[in-house]
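Enquirer: Could you slot chain C onto chain Z? The hints should help.
Residue numbers (the numbering used here), protein chains in the order written: chain Z, 1 to 383; chain C, 1 to 177.
Honestly, the hints are just simulated from the structure, not real lab data.
Keep in mind the model is a prediction, meaning the values are calculated, not measured.
No incorrect hints appear here.
Straight-line distance between alpha carbons at most 25 Å, and here's what the computed SDA-like set of lysine to any residue pairs gives: (1) Z/288 x Z/148; (2) Z/288 x Z/142; (3) Z/288 x Z/192; (4) Z/288 x C/142; (5) Z/280 x C/138; (6) Z/280 x C/137; (7) Z/288 x C/144; (8) Z/280 x C/161; (9) Z/280 x C/163; (10) Z/112 x Z/194; (11) C/79 x C/11.
Under 10 Å between C-beta atoms, here's a sample of chain C residues computed to sit facing chain Z: (12) 151; (13) 159; (14) 175.
Glycine residues also receive a C-beta, built at the ideal position from the N, C-alpha and C atoms.
Residues per chain, in single letters:
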Amino acid sequence: MVARCHRTRDAAFFAQGPDFSPPLRLLAAALADVLLQALPPDAAVVRLCQWADAPGGAVAIDELPCADGREALEAGLLRCLPGTLLCPGAAALLVYSAVLTRGAATVREDAKWGASRGSLVVGPMHTCSMELVSLLCGGRADPDVLAYDPATQRRRSAWVRAKAPVEAAGPAPAWLLPHGSLGVGLLSQSEREAQQPVADDLKSPAFPVWLLHGGDHFTTLFSADPPLGDSLGDTPRYPLVEGSVVGAATAWHWNGLPPAGPRMALLSLAPPAKDGKDGKPAALAAAKPAPETIRTTYKKPKEGEVRTSGYTATTASVGVLPVYQSALWVQNVLACLFSACDLDPVRACAGRGRGSGAPRRQGSTAERRGGVALRGRPRGEGG
Amino acid sequence: MAAWRFEVVLAVKEADEATEAAEADEATEAAAGSEAKAVEGAGAAVGRFDFRSFPAEGGGGEGAPAGWRCRSCYATRFKTFCFGINPPTADAGASTSEGGGVSADACVSADAACVHCGVLRRTGGWSVWLPHDALPGGWMRTVTSRYGPPIVPLLRTKWPAVHVTLATEADAALPSV
Chain Z
1 MVARCHRTRD
11 AAFFAQGPDF
21 SPPLRLLAAA
31 LADVLLQALP
41 PDAAVVRLCQ
51 WADAPGGAVA
61 IDELPCADGR
71 EALEAGLLRC
81 LPGTLLCPGA
91 AALLVYSAVL
101 TRGAATVRED
111 AKWGASRGSL
121 VVGPMHTCSM
131 ELVSLLCGGR
141 ADPDVLAYDP
151 ATQRRRSAWV
161 RAKAPVEAAG
171 PAPAWLLPHG
181 SLGVGLLSQS
191 EREAQQPVAD
201 DLKSPAFPVW
211 LLHGGDHFTT
221 LFSADPPLGD
231 SLGDTPRYPL
241 VEGSVVGAAT
251 AWHWNGLPPA
261 GPRMALLSLA
271 PPAKDGKDGK
281 PAALAAAKPA
291 PETIRTTYKK
301 PKEGEVRTSG
311 YTATTASVGV
321 LPVYQSALWV
331 QNVLACLFSA
341 CDLDPVRACA
351 GRGRGSGAPR
361 RQGSTAERRG
371 GVALRGRPRG
381 EGG
Chain C
1 MAAWRFEVVL
11 AVKEADEATE
21 AAEADEATEA
31 AAGSEAKAVE
41 GAGAAVGRFD
51 FRSFPAEGGG
61 GEGAPAGWRC
71 RSCYATRFKT
81 FCFGINPPTA
91 DAGASTSEGG
101 GVSADACVSA
111 DAACVHCGVL
121 RRTGGWSVWL
131 PHDALPGGWM
141 RTVTSRYGPP
151 IVPLLRTKWP
161 AVHVTLATEA
171 DAALPSV
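Extracted from the complex, chain Z is given alone in its bound form:
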């Protein structure tokens, strides 16, 4: 929704930030973006799901043609919204619609190399997988969002579809969004675990909107500042995305789930004070793009430098252990929905019945993360 506000350069959104209440037509356009990019190149129908009876029960499917352009689709969505995506269980319906628009078999094929083995929710707590986020934000249930292709080890895009080969073949199809994607980025904890950067198109998306992946929970970071005045047209420029902010920038962070949420926090992102040279204020520099091929780096301390021994002491209570516990408690909103309804979208759409299929992977990222957190447990009074 935020990306759609940026795409349309909505002045009310820029003025009101998170207090902005979008009109239904804007919501329909945002949902059309999500569903259109999940559309396979040879398909021309978006499938919209709604509850046939009560939420969590049987699902009825409406087929909305989009061969005539996205205007017809948006009009169809606008008509269906009150009974579908504005009712209880709407998040699950959106996932169902994306899965059926993409095709359950295609989704399973997209996700087959992932750790969740084709499922869009993982673990005993039914947490949201990267495959599900990729399906909704990138149109494909791709489990891998890192910068390098696992097979070729060459740099690649994650959620952005290349426009050139498609446009060369004829008029741009309806599923091809102006920037090749929703324009949303992702910053992931898996970057540190995998020792590989996240794909450049996710670190530097078209709009200043990022999902933050903390291991087993997704939150949102976004800026409500308009683009630079001289960057009108199809290529808006945002200093926060480019890393050219001079001084501090602000961004909103939204965590939708208890116990730490729902909470909307305004963050101040500032450069280190000592980096300003010649009296000029320092700039908030962004990470450099990933090299063309994987480059492993390890900086060993040089003689004369200090290295930590791994032990820490504290004289105050520090919140490492509570953070670890929060990581176990905080779950994604979609996962909660699925858990409450006992639904698994891929399996349900594939007609295998609920709760069937391959056993889910036991042991979530939280357990691995717990190991890290506990190693940092203070030796003093504890957290």
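Expert: Then chain C, alone, in the frame of chain Z:
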């Protein structure tokens, strides 16, 4: 994080890498000779030390082990399972305090020997405890990533040197991710 202290030891050339690193270091030092002279004596400020400028006392405080840690033993801990903690009263030949006992770490002589390996403190080295703000920049970022709020290292994957605070609610914790 500001209240934490971190135990640090001095990075030195290990025996097996001293030879191969010598030539590279000689070339580096020759190129930066004048700069090295300017840095000498201000080790703590720039994050570089030698055993002469390395702080003699560490101030572990509450929660830290008593006594002092032998850097040489700690470097070989994976082979020996010895982590080099010397009890306060075990530094034979060390200086003694007025009461006849040996202090925990502040007054340990450089001639004290490690009870585990027998290496003199001035030769093998020792550890000190530094507050977060006194760590060199790289280590400050590393320990912040390891022990700080998880949102900080996550944002630093995009803005590597970003300092994250709440623009409002100054006393509240950073949001969890």
